[in-house]
Amino acid sequence: PFPASGATDLVARVVTQRVAADLGQPVVVDNKPGAGATLGTAEAAKAAPDGYTLLLTTSSTHAISPHLMPKLAYDPRKDFVPVAHVADAPSVLLVTNSLPAKTVGELIAYAKAHPGKLNYATSGNGTIVHLNTAAFSAQAGVDMTHIPYKGTALAIPDLIAGQTHVLFDSLPTGMPHAKAGRLRALAVTSEKRSTLAPELPTLAESGLPGYSSVTWFGVYLPAGASPALVEKVHKAFAKAVQAPEVAESLAKLGVEPAAPRTPAQFGAMVQADSNRWATVIRQHKISID
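With our numbering, letter number 265 in the sequence shown gets 262, and the count goes up by one each step, no holes.
It should be emphasised that the hints constitute simulated quantities derived from the structure, not laboratory data. This structure is a prediction, so every number in the text was calculated from the model and none was measured. No residue lacks a Cβ here, since even glycine has one placed at the ideal position from N, Cα and C. A hint or two may mislead.
Said to hold, decoys possible - The calculated label-pair distances, taken between Cβ atoms and stated as ranges, are:
{"no.": "1", "residue 1": "P257", "residue 2": "K282", "range": "34 to 42 Å"}
{"no.": "2", "residue 1": "A220", "residue 2": "S284", "range": "24 to 32 Å"}
{"no.": "3", "residue 1": "G207", "residue 2": "P67", "range": "22 to 30 Å"}
{"no.": "4", "residue 1": "E196", "residue 2": "Q136", "range": "17 to 25 Å"}
{"no.": "5", "residue 1": "G159", "residue 2": "E228", "range": "51 to 59 Å"}
{"no.": "6", "residue 1": "P195", "residue 2": "E242", "range": "17 to 25 Å"}
Work out the full structure: start from the sequences and follow the hints.
See below:
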């Protein structure tokens, strides 16, 4: 079983279908939503480290939630063993058409010339959308007003109407509005250009060197899993995400297969990600509702 939630559930179903075929045994995806997927994670932390229960989770739950929810029933580092980096979902920087900015540089220049006049929408306090914008504002040196919504889908109409001005959205939900001319897409948040929107530059190449943020998806085993088991599960998932049909299915979700990483490299990446978001959360005094 894979305790999962939301988009994680869909990614899990795509990838584990191939894993099950390769291993010759069924894999059941057990969707466990609630409290930002931390309830399902806590359940997985208590499971036996025998390979019959794994956790497929995201950066939002594993690298960000611990800094916003200090009383979690588990420790993401002590209670789990990193196994496989499965996929990444970059975000896209969208602006309302009423803004004159057609590039990231022009957006930054406009924001600096009009401090505090621009609003940015998010899917709520402490979400990756909020953190992406906070990191952007800090590095760009701009001052914008935060308008939290209960999901980016609710923010889009106000962005189109010009009542809000900036939004970091997922590619599947944001790009259709940009392609239809209702909004303007300026850049993606990934380190490299996304294969899902190759025409868009990255923020790093648009004047913010080093800026990189994706929602990653990864597999963990409960603490105590043997090195042999970790290696076996790692190989199964590493092979699955390289399959063309898996990449094609992930693309429909706005997700890209992860670059090959060993379990140790995946663990180091997650820790660096966690440290980075801890700094952003602390510096901007971000808390959840």
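Here is how each hint holds up against the structure:
With their beta carbons about 38 Å apart, P257 and K282 fall inside the hinted range of 34 to 42 Å. Separated by about 29 Å at the C-beta atoms, A220 and S284 satisfy the suggested range of 24 to 32 Å. For the pair G207 and P67, the supplied restraint of 22 to 30 Å holds, since their beta-carbon distance comes to about 28 Å. At roughly 23 Å, the beta-carbon separation of E196 and Q136 lies within the given 17 to 25 Å, and the hint holds.
Evaluation of the 51 to 59 Å hint for G159 and E228 yields a pass: the beta carbon distance comes to about 53 Å. Our hint of 17 to 25 Å for P195 and E242 holds, since their Cβ atoms are close to 21 Å apart.
The structure shown violates none of the earlier numbered hints.
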